[in-house]
Amino acid sequence: MTTRFFGAPVKRNEDRKLLTGQALFIDDVELPGMLHAAFLRSQAAHARIARIDVSRALQRPGVVAVYTADDYGDYWQRGPLLVPPPPIPGSVFNLRTQVPLAKDKVRHVGEPLAVVVAESRYIAEDALDDIDVDLEPLPAVIDLEAALRPGSALVHDDLGSNVSAHVHQSKGDYRAAAANAHLVIKRRFAYEHGISSTIETRGVVAHWEARSQHMTIWDTTQAPVFVRNGLAAVLGLGERQVRVIAPFVGGGFGPKIMMFYPEEVALPWISMRLNRPVKWIEDRLEHFFATTHERGQIHDAEIAVAHDGRILGVKDVFLHDGGAYDPYGLTVPINSQCTLLGPYVVPAYDSTFTAVFTNLPIVTPYRGAGRQHGVFVIERLLDLAAHELNIDPAEIRRRNLIPADAFPYKNGIIYQDFSVLEYDSGNYEPVLDQALQAIDYSGFRQEQEKLRAQGRHVGIGIACYVEGTGIGPYEGAKVQVQANGKVSVATGIGTQGQGHFTSFAQIVADQLGVDVTDVDIVTGDTDQFYWGAGTFASRGAVVAGNAVNEASRAVRQKALKLASDAFECAEEDLVLADGKISIVGIPEKFLSLGELARRANPMRGAVKPGTEPGLESTQYFGPPSGATANGVHAMIVEVDPDTFDIRILKYVVVHDCGTVINPLILEGQIHGGVAQGIGNAFYEKLVFDDQGQLLNASLADYLLPTALDVPRMQLGHTVTPSPLNPLGIKGAGEAGAIPVGPLFAQAIEDALQLKEKNVELLEIPLSPSRIFELIKASVP
Amino acid sequence: MQPDRHEISVSVNGTPYRRSIESRMLLSDFLRHDLLLAGTHVGCEHGVCGACTVLLDGAPIRSCLMLAVQANGHELSTIEGLASNAGELSPVQKAMHDHHGLQCGYCTPGILMTMTAFLKQNPQPSEDEVREVLSGNLCRCTGYQHIVDAMMAAAQAMRAAAP
Amino acid sequence: MKPAPFKYIAASSLDHALSLKAEHGDEARFLAGGQSLVPAMNFRLARPAVVIDINGLDDLAGIDHGPTIRVGALTRYCALEQDNGFLRSCPLFADALPHIAHPQIRNRGTIGGNLSHADPASELPAVAVAMEARMRLKSAGGERQLATSEFFQGSLTTDLAADEMLVDVEFPALPPLSGSCFMEVARRRGDFAIAGVAAIVTLDTEGRYAKVRLALCGVGETPFDASEAAASLIGEPCTDRPIKAAAAAIQAAIEPAGNVHASADYQRHLAGVLAQRAIRTAYQRAANAA
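Protein chains in written order, with the numbering used here: chain H, 854 to 1633; chain X, 15 to 177; chain R, 255 to 544.
By construction, these hints were calculated from the structure, which means they are not laboratory data. A hint or two may mislead.
Stated by the list, open to error - List of simulated lysine-lysine pairs, DSS-like, C-alpha gap at most 27 Å:
| id | chain 1 | residue 1 | chain 2 | residue 2 |
| --- | --- | --- | --- | --- |
| 1 | H | Lys1461 | H | Lys1263 |
| 2 | R | Lys498 | R | Lys465 |
| 3 | X | Lys108 | H | Lys864 |
| 4 | H | Lys1339 | H | Lys870 |
| 5 | H | Lys1503 | H | Lys1610 |
| 6 | H | Lys870 | X | Lys108 |
| 7 | X | Lys134 | H | Lys1263 |
| 8 | H | Lys1503 | H | Lys1339 |
| 9 | X | Lys108 | H | Lys1339 |
| 10 | H | Lys1461 | H | Lys1414 |
| 11 | R | Lys465 | H | Lys1610 |
| 12 | H | Lys1433 | H | Lys1414 |
| 13 | R | Lys465 | H | Lys1629 |
| 14 | X | Lys134 | H | Lys870 |
These figures come from a predicted structure and were not determined experimentally.
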């Protein structure tokens, strides 16, 4: 096999449709007779539902139906547990999943109470105003610490507390490590994450065809196969009666994989009931409440270090805001817990977390999925230790990196994929070196003195991280050569801009000797590929990519076998290139792949027993565990000492995600991740009041970074292939977003010389106002 | 209250359309769901994200902040009209492809329309000027760098092609 | 996020528009650029029963460059940005306009819509206050002209009666030896100001402050006229001490409320920082003009 495309910056196959406005997104689905749904959402964070009266709404012209929880009857079921908790001894997990429409009480602002179905979305929204709702307010559970105090109001009354989960994991003996330490530093850290704010909001279109007894659901989900299986079960249909299509999806980043969002439950049911297609498109206001968030954690963490800065142990006790329901089990806090260990040798680790139910929207993984929180804590602890010990921040990191000969490196605690956290491979120091060189770390220190003398406040930050990627269970792919010589590939994952139509095509093109543009990829259509898990946890390229590779190899073998039979020669004497198979040295004697595909499906004659027709193969791939990527970000920032506004002067990312399929796509993933990281670190904050009301539910006040806020980034790569999959790939989707918080804190502290003022930046997000307030508070 | 309806005539990408619409119909919804020109995307419906940007008499505007009835008698341009009839991508479209300036592609139509108008008026922009104009279009996937690269390249291509 | 139903009427003349407004009063809203009204309608925060579209009233748009500069209410931001003569006469606009949202918004939004909307964090109300603009209001029954102090009554509130429209704004020409500066801090380019300052400094022949006009946006219920607080500068040379004293007086005079992006103290702090910077820059520009 030649690698003409694998590893090359191939331009994307999917671009043309997107650039000409021809790609099908969910709101582009138009069906005859289609109705439109709008949801009445709770204005209160916590309240008992005294009464919902929909009678006036039903009288409005154009309104077809209005439903509340009572109308659902037996269809009203809590959502499933999406990710069961890993088997960690002694852990507590209290399962309380979301409901399809609120019954008895509401538990967060935006929780749906009723759904209106009308001839247009405009009329449906009019009718929302016609519904009379009496909510009897209850005290809102917002503050994480107050939520755990005796006497707190309860999000789930039957539970007796607001504890969603409690988990303790440890390795080594932290107490002994601390006792022997040269220095122990203890701080409280607060880290808030935000909302994905995909530019396309969510949406569902359901179309029940009574004649064929078949349901088609277009859904902006990242996991169409699971949605199909789940919905078929609750609708009382066979899985073959339900087709879920995730069309072009305008950004995912995690929150578009849920089971189920209330709207996913409602629309198919409504379509069956009314025997008409129904559409619901989330509007931007709804997105702030109805799509899941990622939010705050409070860490009380300490680090025990030797006099030379070596980590002897880390202890962390943290609270995690899970929101009103916990369908995702422990995924987010366990990512925080595990990722805190970073690329460092941490001989002793003692970590306990409590996930807390609050009267706020549900928390589920969003790009980084809790990893940021852990990385912030360890990186800041190292900065504090470096300062106390008078060691350079880059140097203290270097001294603690896991050495190259220590892989696979076992971390001894359980990860989100149920296996013991083990870094499969890595070579960390060259990544740090490359980043320091790219940012000219030593040169900067001299430059900094000069600039300071001119009254300019510039600072540098450097942060390291690892990212567990590419976890199981599995993905599959069907690769099929068609009679026209083009190759069709179907896989079960959904795609939201990651370039799967190209990166997977590159894998296939090399195996089958065709051009990358002759490979047509279908993702996210359960009728095209039946099995799969979904696009999450930086796993698409790793898991589905390897499945595509396996299936392509099998087709290649099949093609060579067919050709060797036809030419009556050995397979070794054949060349597969340019869409045809020829005999070595006799290029004019060939069979095209299309012709071979035709021959693989003969009209007459006998085939040998055991022969599968068609030039096609379906293969699955499941890695034994996740592949661990790693990287280092470095940044130089200038801060206006009076307004505390910032300007990023230089931003460097050096990253190792194993073998690279398409460097252009990889760059895009990193750039986008960093942009979201910058948003998280300095711009995006969900501001709730103590009643659980979101005070900035608009894109005018929830600040996504613009082209002026995201700097030009300089990227570098090292390659340490993963031994866990034949292609050596590690995931890259989340890497850019993970270490940006500590980077900002460190660089801003440096720029304003805050350590000298006894100001420490121990929270994210930061803002000019917040920096001003912290400095003000430090002045006696 | 009876819906308040109006007869309007608009030209979109050179094609005339005549429709009866309700006065509250947003221009974005009209283009997408009445004319079935769904390439224009809707991201926020309050004028911030820029996905719905179209050209009104040649100037970029937010189609979510305009009533369709207001477009009566005006000329609109949308993403569907950018490529040539033969399907050849415009320089801005092509540069976006060449430089991997799009990922999920949802914000792309608004960016193409904004930048097409901008580059026509500013054939030799600096990177800062490109970023300044681009700051009215939010993209959640790309971090903007490849879009900026694409626009610099498109400007160059357009200058080279200019008579 | 779709607007509630309303009756749409495209006004055929100013008289038509005013008579419609007289008929429908507070139930009706004028639709100019729509860049504030339509989002409010999409959120259903505004639910006018009648929308009177004045975009066809070409007489309301345009800039009269006479001895006093008169800008029609329907003049769009982009038209102001592209009129070099106007920007030379009213240089505060050259500084302020780029801070207003983004080009797509500036292609539609109008000066009259902006001032009538009276968002205290918006740039142009402060510019109008600093420039001692006069606002001409018309109704079917007559017209009147107001100073900005009379026009701006509170957050999103003006002295416009239910039957009135702001039809134009007059900007007196700057005296000789004047310089101006607008600057603001917002979280992102195009966002509303956390704090912003519009300053006009006029010098005497000795290079001392002869007149200082200063207005702030974002730090109160209305654009804040800080000229009185800055009056201590009059007669002073351009040195640090009087500028700092004026900034301190401004900080003491304003009453910022804080918001999701900024604490009140930070806003107050910024007001001082920006006032100093804007005064210095305006002074420098005045000196350069001399």
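Against the structure, the hints come out as follows:
This hinted pair does not check out: Lys1461 (chain H) and Lys1263 (chain H) have alpha carbons roughly 49 Å apart, beyond 27 Å. A distance of roughly 17 Å separates the Cα atoms of Lys498 (chain R) and Lys465 (chain R); the hinted pair therefore holds under the 27 Å criterion. Our distance criterion of 27 Å between C-alpha atoms is met by Lys108 (chain X) and Lys864 (chain H), whose separation comes to about 11 Å. Among the hinted pairs, Lys1339 (chain H) with Lys870 (chain H) is consistent with the structure: their alpha-carbon atoms are about 18 Å apart, no more than 27 Å.
With a C-alpha separation of about 25 Å, the suggested pairing of Lys1503 (chain H) with Lys1610 (chain H) holds against the 27 Å cut-off. Our distance criterion of 27 Å between C-alpha atoms is met by Lys870 (chain H) and Lys108 (chain X), whose separation comes to about 12 Å. Distance hint between Lys134 (chain X) and Lys1263 (chain H) is unfulfilled; the C-alpha atoms sit about 58 Å from each other, more than 27 Å. Between Lys1503 (chain H) and Lys1339 (chain H), the direct Cα distance comes to roughly 45 Å. Violation of the 27 Å bound is thereby established for this hinted pair.
For the given pair, Lys108 (chain X) sits about 24 Å from Lys1339 (chain H) by alpha-carbon distance, which is consistent with the 27 Å threshold. Taking the CA atoms of Lys1461 (chain H) and Lys1414 (chain H), the gap is near 13 Å; set against the 27 Å cutoff, the hint holds. Taking the CA atoms of Lys465 (chain R) and Lys1610 (chain H), the gap is about 40 Å. The hint is violated against a cut of 27 Å. Under the criterion of a C-alpha separation no larger than 27 Å, the hint pairing Lys1433 (chain H) with Lys1414 (chain H) is consistent with the structure, at around 13 Å.
Straight-line distance between C-alpha atoms of Lys465 (chain R) and Lys1629 (chain H) comes to about 34 Å, which puts the hinted pair past the 27 Å bound. Taken as a hint, the Lys134 (chain X) and Lys870 (chain H) pair is honoured in the structure, with Cα atoms around 24 Å apart against an allowance of 27 Å.
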